[in-house]
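Asks: Under the numbering used here, residues 1 to 576 are what the sequence shown spells out, in order.
These aren't lab readings, by the way, just hints derived from the structure by calculation.
Treat the hints loosely; a few may be bogus.
[Unchecked claim] Derived pair list, reagent style DSBU-like, types lysine-lysine, alpha-carbon separation capped at 30 Å: (1) Lys-348 with Lys-188; (2) Lys-505 with Lys-542; (3) Lys-157 with Lys-18; (4) Lys-531 with Lys-505; (5) Lys-542 with Lys-569; (6) Lys-531 with Lys-568; (7) Lys-556 with Lys-408; (8) Lys-576 with Lys-492.
[Stated by the list, open to error] Distance ranges between label pairs, derived from CB positions: (9) Asp-495 with Gln-559: 41 to 49 Å; (10) Gln-321 with Ala-98: 23 to 31 Å; (11) Asp-89 with Gly-234: 45 to 53 Å; (12) Thr-59 with Ser-446: 31 to 39 Å; (13) Val-135 with Gln-559: 35 to 43 Å; (14) Glu-48 with Ser-272: 49 to 57 Å; (15) Gln-401 with Pro-317: 29 to 37 Å; (16) Asp-563 with His-360: 54 to 62 Å; (17) Lys-259 with Gly-329: 45 to 53 Å; (18) Lys-265 with His-360: 20 to 28 Å; (19) Gln-65 with Leu-536: 30 to 38 Å; (20) Pro-317 with Glu-364: 14 to 22 Å; (21) Thr-59 with Ala-473: 46 to 54 Å; (22) Leu-536 with Asp-89: 19 to 27 Å.
This one's a predicted model, so the numbers in the text were calculated from it and none came from an experiment.
Ideal Cβ positions, reconstructed from N, Cα and C, are used throughout, including at glycine.
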Amino acid sequence: MSIREKEQSKKRAEELRKEINFHIYRYYVLDKPVISDSEYDALVKELESIEKRYPELITPDSPTQRVGAPPAEAFTPVRHLERMYSLMDAFSTEELLAWLERVEKVVPRKDVDYVTELKVDGTALSLTYEDGLFVKGATRGDGVVGEDITSNLKTIKSIPLRLQKTVKYIEVRGEAFISKDQFKLINKERAKKGEELFANPRNAAAGSLRQLDPQITASRNLDALFYAVGHTEGISFKNQFEVLQFLKDAGFKTSAHVKVADTEKDVIDYYSYWLPRREKLPYEIDGIVVKVNSFEHQDVLGATAKSPRWAIAYKFPAEQQTTKLKDIGLSVGRTGAVTPFAILEPVKVAGSTISKATLHNEDEVHRKDIRKGDWVIVQKAGDVIPEVVSPIKEKRTGKEQEFHMPAKCPVCNTLLEKPEGEAIYRCTNFSGCSVQRFQYLIHFASRGAMDIEGLGEAVAAELLEKNMVKDVADIYFLNKEDFLQITHFADKAADNLYNAIQDSKKRPLSKLLFALGIRLVGSTIALMLAKEYRSLDNLMKKNFEELVAIEGIGDKVAQNIVDYFKEKKNINLIDK
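Based on the provided sequences and hints, a complete structural model is requested.
Replies: If you want it as structure tokens, here you go:
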């Protein structure tokens with residue numbers, strides 16, 4: 001291949017990248033395509049051909065790099081240079097007016113105006129750009145430290161890999177979401193495969209972003225809207241409206257429904273306009289956001305430990321319905337938590353049929369005075385989790401029954417314990433409680449843990465029912481012939497499951513720590529511990545003081561780790 005040919009290919013690749021990114025912007029951000037899908041596909045195919053011939057010509061902002069990163073072992077922590085606050089909520093006009101009054105005690109009414117925006121019901125994001133190039137993307141996390149999901153965010157076509165305006169350094173804040181139509185398609189496909197359906201678009205978006213394999217995220221067709229900036233270098237802004245205009249000019253998708261409000265009436269009118277029209281939008285919203293426009297005024301108002309004083313989310317009321325509470329059931333979780341739930345006459349709320357709803361814990365049931373046989377008001381909390389709001393006491397007949405937590409586990413009949421300072425009762429008979437063992441086996445084999453392909457709920461249930469395993473360690477002592485006992489398993493399925501279990505032995509320490517199911521030790525904490533101690537033996541020797549000395553490890557997490565390794569049954573499990 002001649003030097004001239006390579007130079008020509010380099011020039012053509014640059015032209016193609018520029019042209020393809022332009023069409024991505026037109027299609028995914030502006031929703032105004034100017035070429036057909038087949039013409040677009042031809043451009044991408046030509047670029048892929050050049051980059052395959054000359055891999056050294058691949059650039060970070062090439063559209064071919066949106067999908068292709070290998071699956072990650074775990075998500076690494078990312079510290080935000082500027083904190084990502086959560087917003088305080090207003091659930092009534094009175095609460096909104098009280099907030100406006102507090103603002104105007106600090107900033108004179110004649111000097112202040114507000115920006116009103118729709119509150120997209122998705123997952124908060126922070127994107128980092130250096131010299132105009134997208135270099136990192138993260139979840140909000142606790143506002144100070146999030147998780148690195150860069151590879152997953154690159155699959156979202158409405159996120160520019162290179163800005164149309166070059167800035168030295170900028171953190172851009174926004175929301176990833178799944179449209180209503182796309183959500184229906186995802187659940188339709190999951191239903192075909194016999195997979196559990198997502199409860200709502202927000203859960204689907206959050207779950208999609210936390211996939212370790214970017215290919216899975218890409219298949220979900222997420223979208224994103226942007227509305228704020230964090231830390232910046234080489235650029236500054238005077239107000240929120242100016243930020244929104246910059247984001248639009250830089251190539252980000254922004255809301256087309258932003259308005260500047262000069263008065264309380266303007267804010268309330270904006271809310272009142274969108275409340276009955278929310279269903280017509282292609283994505284879910286759960287309220288409006290009101291921000292003091294001027295950054296100078298924002299600085300004067302400041303923030304609490306959790307939320308800025310210069311912004312508020314004015315939430316739409318959750319949709320509520322009335323139904324009969326037929327019974328109160330009990331669920332047993334992986335860690336032994338026993339929690340009450342309502343068994344309801346099926347009722348449609350916010351577009352989905354509800355037959356069960358959370359009751360949280362015994363204290364909450366008594367506080368609300370909820371009884372078996374009550375007529376109750378149910379809603380989807382935050383339009384997400386079904387919950388019982390209150391009983392309708394006027395409809396009581398006298399036959400309703402008060403609820404009391406049983407003394408024993410509903411599954412294994414072991415006496416329940418209620419740890420001091422906790423509202424939850426727990427079954428401590430882990431090895432003898434079939435539901436706990438089942439939930440633990442499912443968790444251990446899950447994608448974020450040991451990632452054992454083929455060991456799903458049905459297989460796990462059968463392994464336990466046939467006494468083929470008593471704990472998770474036993475799966476490593478099974479052979480291919482053992483798996484032929486599983487219903488509908490032939491040679492190939494048995495081979496695949498056996499090989500998947502053997503492959504899981506190669507998983508890194510962080511995966512094993514997460515798989516062990518230590519309370520409060522999620523994938524991020526597990527990764528921190530693995531990096532710090534390098535081996536399970538090292539971690540097992542550490543005391544409480546040594547653990548809390550690690551940044552990000554709190555008292556409760558440290559105590560749970562110490563307690564876990566004190567238990568003989570856990571040591572026996574590890575020693576297997």
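Asks: Hint by hint, say whether it matches the structure.
Replies: These are the hints, each one checked on the structure:
With a C-alpha separation of about 19 Å, the suggested pairing of Lys-348 with Lys-188 holds against the 30 Å cut-off. This hinted pair checks out: Lys-505 and Lys-542 have alpha carbons roughly 24 Å apart, not beyond 30 Å. With a CA separation close to 15 Å, the supplied pair Lys-157 and Lys-18 stays within the 30 Å bound. Between Lys-531 and Lys-505 the CA atoms are separated by roughly 19 Å; this keeps the pair inside 30 Å, and the hint holds.
Of the pairs offered as hints, the one joining Lys-542 and Lys-569 holds, with about 19 Å between alpha carbons and a cut-off of 30 Å not exceeded. With a CA separation close to 26 Å, the supplied pair Lys-531 and Lys-568 stays within the 30 Å bound. Proximity of Lys-556 to Lys-408 is assessed by CA-CA distance (about 26 Å); at most 30 Å being required, the pair is judged to hold. Between Lys-576 and Lys-492 the CA atoms are separated by roughly 28 Å; this keeps the pair inside 30 Å, and the hint holds.
In this structure the hint that Asp-495 and Gln-559 lie 41 to 49 Å apart at CB holds, the actual value being about 43 Å. At roughly 29 Å, the beta carbons of Gln-321 and Ala-98 sit within the given window of 23 to 31 Å. At about 35 Å, the beta-carbon gap between Asp-89 and Gly-234 misses the expected band of 45 to 53 Å. The hinted range of 31 to 39 Å is satisfied by Thr-59 and Ser-446, whose Cβ atoms lie roughly 36 Å apart.
Separation of Val-135 from Gln-559 is about 37 Å and conforms to the stated range, judged on CB atoms against 35 to 43 Å. The hint said 49 to 57 Å for the Cβ distance between Glu-48 and Ser-272, and at roughly 50 Å that hint holds. At about 31 Å, the CB distance of Gln-401 to Pro-317 agrees with the hint of 29 to 37 Å. Between Asp-563 and His-360 the C-beta distance comes to about 24 Å, which lies outside the given range of 54 to 62 Å.
The hinted range of 45 to 53 Å is satisfied by Lys-259 and Gly-329, whose Cβ atoms lie roughly 47 Å apart. For Lys-265 and His-360, the hinted distance range of 20 to 28 Å is not satisfied, since their beta carbons lie about 38 Å from each other. A hinted range of 30 to 38 Å for the beta carbons of Gln-65 and Leu-536 is consistent with their spacing of about 36 Å. Between Pro-317 and Glu-364 the beta carbons are some 21 Å apart, a value that agrees with the proposed interval 14 to 22 Å.
Roughly 47 Å separates the CB atoms of Thr-59 and Ala-473, a value that falls within the hinted 46 to 54 Å. Against the hinted window of 19 to 27 Å, the Cβ-Cβ separation of Leu-536 and Asp-89 comes to about 43 Å, which falls outside the hint.
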